[in-house]
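Listed in order, the protein sequences are those of chains P, R, E and G.
Residues 0 to 132 (numbering that gives the first Met the number 0) make up the first sequence, in order.
Residues 0 to 132 (numbering that gives the first Met the number 0) make up the second sequence, in order.
Residues 0 to 132 (numbering that gives the first Met the number 0) make up the third sequence, in order.
Residues 0 to 132 (numbering that gives the first Met the number 0) make up the fourth sequence, in order.
In short, the hints are calculated from the structure, not lab data.
Since this is a predicted model, take the numbers as computed values, not measurements.
Hints should not be assumed to be uniformly reliable.
[Stated by the list, open to error] Cut-off 25 Å, straight-line C-alpha distance, at most; resulting in silico cross-link-like pairs (DMTMM-like, lysine to aspartate or glutamate):
| no. | chain 1 | residue 1 | chain 2 | residue 2 |
| --- | --- | --- | --- | --- |
| 1 | E | 10 | P | 55 |
| 2 | P | 6 | E | 73 |
| 3 | G | 107 | G | 123 |
| 4 | E | 114 | E | 51 |
| 5 | G | 10 | R | 115 |
[To be verified] Per label pair, the in silico range of CB-to-CB distance:
| no. | chain 1 | residue 1 | chain 2 | residue 2 | range |
| --- | --- | --- | --- | --- | --- |
| 6 | R | 97 | P | 128 | 46 to 54 Å |
| 7 | P | 126 | G | 82 | 41 to 49 Å |
| 8 | R | 120 | E | 122 | 48 to 56 Å |
For every residue, glycine included, the Cβ atom is placed at its ideal position computed from N, Cα and C.
Number of protein chains: 4
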Amino acid sequence: MKEHQFKIQLKVRDYECDLQGVVNNANYQHYMEHTRHEFLESLGENFGAWHEQGLDAFVSSVSIQYKQSLRSGDSIISCLDVEKVGIKLVFIQYIYRLSDGVLAAKGKVENVMVKDGKLTRGEDFEALLNKLK
Amino acid sequence: MKEHQFKIQLKVRDYECDLQGVVNNANYQHYMEHTRHEFLESLGENFGAWHEQGLDAFVSSVSIQYKQSLRSGDSIISCLDVEKVGIKLVFIQYIYRLSDGVLAAKGKVENVMVKDGKLTRGEDFEALLNKLK
Amino acid sequence: MKEHQFKIQLKVRDYECDLQGVVNNANYQHYMEHTRHEFLESLGENFGAWHEQGLDAFVSSVSIQYKQSLRSGDSIISCLDVEKVGIKLVFIQYIYRLSDGVLAAKGKVENVMVKDGKLTRGEDFEALLNKLK
Amino acid sequence: MKEHQFKIQLKVRDYECDLQGVVNNANYQHYMEHTRHEFLESLGENFGAWHEQGLDAFVSSVSIQYKQSLRSGDSIISCLDVEKVGIKLVFIQYIYRLSDGVLAAKGKVENVMVKDGKLTRGEDFEALLNKLK
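Next comes chain P alone, as it looks inside the complex:
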């Protein structure tokens, strides 16, 4: 498990598993979203508060490779790295199984920032990343 800019530990919840007995694919997107929003909070920002201020980060694309199914009882380490590319904030996200460090899924999630309903050039993303330094 290599070093990443941010990580949280989560526990698989049984309702996240589907009839195949494994975590449903869409829930990895939920894990990744929650990790990004906790990353935001670690920098003193809150996604809900942003929305109330007219500031909305929207996902423009997501791609996920599924490597290893997660099951009831598993805990995970959900990690991310982030950089600004053009107007977008791009997250590379990794979900590792805690018990053995195996990579369960890897994702790339691109975000754009909309302010009062208008697409921005991502100035707020830049301000956010400056807090990392």
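Starting from the known structure of chain P, fit chains R, E and G onto it as the hints suggest.
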């Protein structure tokens, strides 16, 4: 399957089933919510539009009896009856399996109306029910 | 916040909030399910493993009173008390907002145990509760 | 809206919208999964029955471009095209807003087939696609 004031047909979606191979209990609440909101639309109202106008119906209590598990491939008929009791709008909801009419779940859902952040006496519920006549 | 037999801390995830900006009602049922399953794990059992052994606890009824909406950024303490009543295992569950200890929701969840497809008299529930002593 | 091999109509459910007032990104993956499974049913197969026979299609990768946010009240047409590429079954999926035909999201979803726990060369996918002819 007795007569009810409103009904819709839905299909079980496989991601709604959990590792037991049956629809997860919380998803019945989703079916019931969607049925209430479709009932609203049948009366010319929309839950999201209400919220944007400062009008929020909130569930104050829910109780559900689970009678028969639903599975992959099942379709359901989701029905409701509604009346105003005091300041509350009270729904009695029924979920029947389409194939044989068996009652899968029965629920009672009580709602209060909040307008611009303040609890109301339910005048908007009354106006809504008047549309039924 | 009074004493309870088991509790876990959870963080509201933003995808659990709906267009009203508060945690969707059905997600309280998810919080309560996850708390029960973590309670199981605290006693050395796992819900998924039970299912693979032909042992399925099913919710027969749930009732929830919603007291205080939860929002983005909130953490919660999810607590439960449990007893066996007839063939059923009955949980009384409480969700408190961490920041101020306010009760957000209270629920009662009744469970029956099915073994190899047949309803039991709850002997496995009794064995489980004996582990508490 | 160009022609596709399979399509279904769905209605946005309000609980699928998050605090931004739009359908949460992960739910597009749910829409796409449900569309694939309905496609299966149109060919006389059922995902849950497959699982019980030891046949599990697993998503190995998904990529989605989000073009237009969906909101409360929207209906969608969810379409797919499918082909076998190597051992994989590859779906190209499109979600159009019903009211104006605008493309809301486009996805590519790759699947592998596991039989009794072992990765197959996709013979069952081939048999499935033969039913299309």
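A quick look at each hint next to the structure:
1. E:10 <-> P:55: 21 Å, holds
2. P:6 <-> E:73: Holds. Residue 6 of chain P to residue 73 of chain E sits at ~19 Å (cutoff 25 Å).
3. G:107 <-> G:123: 20 Å, holds
4. E:114 <-> E:51: With Cα atoms ~11 Å apart, residue 114 of chain E and residue 51 of chain E stay inside 25 Å; holds.
5. G:10 <-> R:115: Status violated; Cα separation ~28 Å.
6. R:97 <-> P:128: 46 to 54 Å: Hint holds: Cβ distance 52 Å, inside 46 to 54 Å.
7. P:126 <-> G:82: 41 to 49 Å: Check passed, 45 Å falls within 41 to 49 Å.
8. R:120 <-> E:122: 48 to 56 Å: Taking Cβ atoms as reference, residue 120 of chain R and residue 122 of chain E lie about 51 Å apart, which means the hint holds.
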